[in-house]
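> Here the protein sequences come in this chain order: A and B. Residue numbers are given in our numbering: position 274 of the first sequence equals residue 276, and the series is strictly consecutive. Residue numbers are given in our numbering: position 437 of the second sequence equals residue 468, and the series is strictly consecutive.
Calculated directly from the structure, the hints in this document are not laboratory data. Do not rely on the hints blindly, as some may be mistaken.
Claimed, not checked - List of simulated lysine-lysine pairs, DSS-like, C-alpha gap at most 27 Å: (1) B:358 - B:149; (2) A:140 - B:327; (3) B:149 - B:376; (4) B:88 - B:62; (5) A:140 - B:329; (6) B:282 - A:140; (7) B:227 - A:140; (8) B:358 - B:175; (9) B:103 - A:227; (10) B:333 - B:380; (11) B:88 - B:376; (12) B:88 - B:380; (13) B:377 - B:415; (14) B:227 - B:206; (15) B:363 - B:81.
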Amino acid sequence: MNLNKLTPYMFLGPAIVILAAALLYPIGYMIYASFLDWNPSQYIGEAEWVGLRNYGNLAEDASFHESMWVTLKFASIVVVLEMVIGVGLALLLDRNIRGMSLLRTIFILPMMIAPIVVGLMWRYMYHPTVGIFNRTLKDWGLEPVPWLSDSWWAFTSVVIADIWQWTPFIFILALAALQSLPRSALEAARIDGASEWQQVLYIKIPLMMPVLIVTCLLRLIDAFKVLEVILVMTNGGPGLATEILALRIARTASEFRELGVAATMSNYLLILLLILTFGMFFYNKAVEARAARVQQRAEEDVK
Amino acid sequence: MRNILEKTLLGAAGLALSAGLAFAGPYDEYKGTTLVVNFPAHPHYDAVRKVLPEFTKETGINVEVDQLQYLKMRERQTLELTKRKGDYDLIAYVVFSKADYVFADQLENLARFFMNPKLADPSYDPDDLVTGYLENIGIAGGKKGYLPGPTGSLFGIPYGSETSVLGYRKDIFEKHNLKVPETYDELLKLACEIPKLEPGMGGVSSRAASGHQASHAFLLHLAPLGGRVLDDNWNPIINNEAGVKAAEALKTIVDCGPEGATSFAFGEALNSFLQGKTAMYLDTTVVAGQINDPNKSKVVGKVAWALHPEGVRRGSQTGGFGIGIPKNAQNKEAAFLLMQWLTSKKGDKLVALAGGNPSRFSTHEDPDVVAKFPHMPVFGEALKYADPDWRPIIPVWGKINADLGTALSKVLTENLDIQEALDGVAKRAKDTLMEAGYYTWQ
Numbered sequence: 003m004n005l006n007k008l009t010p011y012m013f014l015g016p017a018i019v020i021l022a023a024a025l026l027y028p029i030g031y032m033i034y035a036s037f038l039d040w041n042p043s044q045y046i047g048e049a050e051w052v053g054l055r056n057y058g059n060l061a062e063d064a065s066f067h068e069s070m071w072v073t074l075k076f077a078s079i080v081v082v083l084e085m086v087i088g089v090g091l092a093l094l095l096d097r098n099i100r101g102m103s104l105l106r107t108i109f110i111l112p113m114m115i116a117p118i119v120v121g122l123m124w125r126y127m128y129h130p131t132v133g134i135f136n137r138t139l140k141d142w143g144l145e146p147v148p149w150l151s152d153s154w155w156a157f158t159s160v161v162i163a164d165i166w167q168w169t170p171f172i173f174i175l176a177l178a179a180l181q182s183l184p185r186s187a188l189e190a191a192r193i194d195g196a197s198e199w200q201q202v203l204y205i206k207i208p209l210m211m212p213v214l215i216v217t218c219l220l221r222l223i224d225a226f227k228v229l230e231v232i233l234v235m236t237n238g239g240p241g242l243a244t245e246i247l248a249l250r251i252a253r254t255a256s257e258f259r260e261l262g263v264a265a266t267m268s269n270y271l272l273i274l275l276l277i278l279t280f281g282m283f284f285y286n287k288a289v290e291a292r293a294a295r296v297q298q299r300a301e302e303d304v305k
Numbered sequence: 032m033r034n035i036l037e038k039t040l041l042g043a044a045g046l047a048l049s050a051g052l053a054f055a056g057p058y059d060e061y062k063g064t065t066l067v068v069n070f071p072a073h074p075h076y077d078a079v080r081k082v083l084p085e086f087t088k089e090t091g092i093n094v095e096v097d098q099l100q101y102l103k104m105r106e107r108q109t110l111e112l113t114k115r116k117g118d119y120d121l122i123a124y125v126v127f128s129k130a131d132y133v134f135a136d137q138l139e140n141l142a143r144f145f146m147n148p149k150l151a152d153p154s155y156d157p158d159d160l161v162t163g164y165l166e167n168i169g170i171a172g173g174k175k176g177y178l179p180g181p182t183g184s185l186f187g188i189p190y191g192s193e194t195s196v197l198g199y200r201k202d203i204f205e206k207h208n209l210k211v212p213e214t215y216d217e218l219l220k221l222a223c224e225i226p227k228l229e230p231g232m233g234g235v236s237s238r239a240a241s242g243h244q245a246s247h248a249f250l251l252h253l254a255p256l257g258g259r260v261l262d263d264n265w266n267p268i269i270n271n272e273a274g275v276k277a278a279e280a281l282k283t284i285v286d287c288g289p290e291g292a293t294s295f296a297f298g299e300a301l302n303s304f305l306q307g308k309t310a311m312y313l314d315t316t317v318v319a320g321q322i323n324d325p326n327k328s329k330v331v332g333k334v335a336w337a338l339h340p341e342g343v344r345r346g347s348q349t350g351g352f353g354i355g356i357p358k359n360a361q362n363k364e365a366a367f368l369l370m371q372w373l374t375s376k377k378g379d380k381l382v383a384l385a386g387g388n389p390s391r392f393s394t395h396e397d398p399d400v401v402a403k404f405p406h407m408p409v410f411g412e413a414l415k416y417a418d419p420d421w422r423p424i425i426p427v428w429g430k431i432n433a434d435l436g437t438a439l440s441k442v443l444t445e446n447l448d449i450q451e452a453l454d455g456v457a458k459r460a461k462d463t464l465m466e467a468g469y470y471t472w473q
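Just need the whole structure built from these sequences, with the hints factored in.
See below:
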């Protein structure tokens, strides 16, 4: 009897052990490290326990605030633009065109390139004198643009590069969502005389919503952690204009040799991402609950 | 009886051993040893790799080289040196690692090797090693902890070290009848005159990208203009008159430099000079080998060298690499022999001829080396002014350096007021130093 009750837990056991070892241990380690004054030449046991000092110092650190602000700005701008462009492209290309599969492969190429290479490629394209953009502008008789050497432009440049690289991700997921939509709903709408726009706004997008929310969340989490492309393109400059949090964490660990502070920053980032994830999750729940209510009411009406 | 027998046997064994040693060369005992060394990917160490077979031929000691990009190298070493038993017998380290490694007690003090008559070569001639480099890279524990002084001792030997020199385009200077700048006033004036004389050409190639790059460029000007980052009591004085002047010099140079100069890291700054887009270059000596390489350079044969211009004093940078023996190395004696061989007069010359940066004064004057690299005497002269205190080598420097570089980048790109920027750096540096305990005695 007792054994029977325990059986499910025994089956869960291995998974829990793996989860604890692979996921909780590193996170716990990071949280522990964030309370230390730890330099990479020391063993973790030699590091000094400083309590919440790292958290306090960071809360007052202007450079950290700036990094945080740059990260928030970067993540929100790129995700919004990528969603709009990605979903837009998917809506446009959701039809039977010849060579569609080839086109789709070409579209997702940027995603497949290693981030370091993407960074280098854009860096050379943005080069002030030999880069393709400024050379083209000069050929057209226009003023060259300080792509990476002016704060505003540098930020814009990394946004452009990120959009170029990650829009395909949203495009491909949005397209998949579109193609799996129930044809009957669209057909019914067409019979009722809905225009193309009405179909998009009232049928396609609402039906795609669950997929879009997950996509958006994945992209958002990724955008908060983007590192290599910016590292190679600007290394955070000019000033701190493009120094997103992931880059600051990397520099704090390797350049400033403050592993404790780097862990603290990672924790702040983790907390931020958790809030976002939960926010999205609850929003999703609320939307679903409302949809369920609407459906229930509709069914009752029919009766 | 047994005692006597034992003594006799021991004595005989001892005699036999010493007789054996009397005939043995210094390297015999280590024949067949394989040393693992960690070197950066750097022109000097590329030259060293060409010379290493010579060492193996002469000594029978094999050398396995693990070559890494220099920032990666530092990360790897940090991990390697904390292990109980290290894989590296000899490491090349960047100068600012000296503070970290010595402080964490991870590098061998070289005294015990130089004191060992079986290891130390009497003809080594340490006086001939470039003083500024040795003080900057090798010595720790003297004045302020990182400078030479009565309490200091030796932890490494400079190898692949660099100082700063001024490179200029002979053809441009002749065409417009310009004088090679000897002072900062002349340099700054000329830097902005050149874009007017040669439209499309910048005055001086300089690094300026946010962070370490901008900071490096600024510090190049700070020492000759009479400034320092910290005074003798660890108070930041970077925001004094000399500091402001150095930042102004940097801004002038970047403003009159090639297009897009504010985003230049070292590679781009050098490249703009190699591509003929600037008339002058003021930075490390390490580039000399590339100037006359037609694959990389469009200015082959058009470049001459001069000393780093003088401000209120002469003071050129000291940087680059040194070699040291990790505390957790497996073959320390053999590693010392390699270190000694590489930095000996003979080894230094071989590496210089293969395109490396010599560490000895005599190599800079050696007729064979000068015949192959005519710029060597100027570089040798520049070395006399190499300033070991042009930047502080303390563990928190990485943080101050990054902050300084960010503030300067804001000066260059966002027109932040220079005094305000440097005041901010000084204040934050003070906080950092305070936290690290530099004011405990005040």
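> Among the hints numbered above, which are violated by the structure, and what are their numbers in rising order?
none
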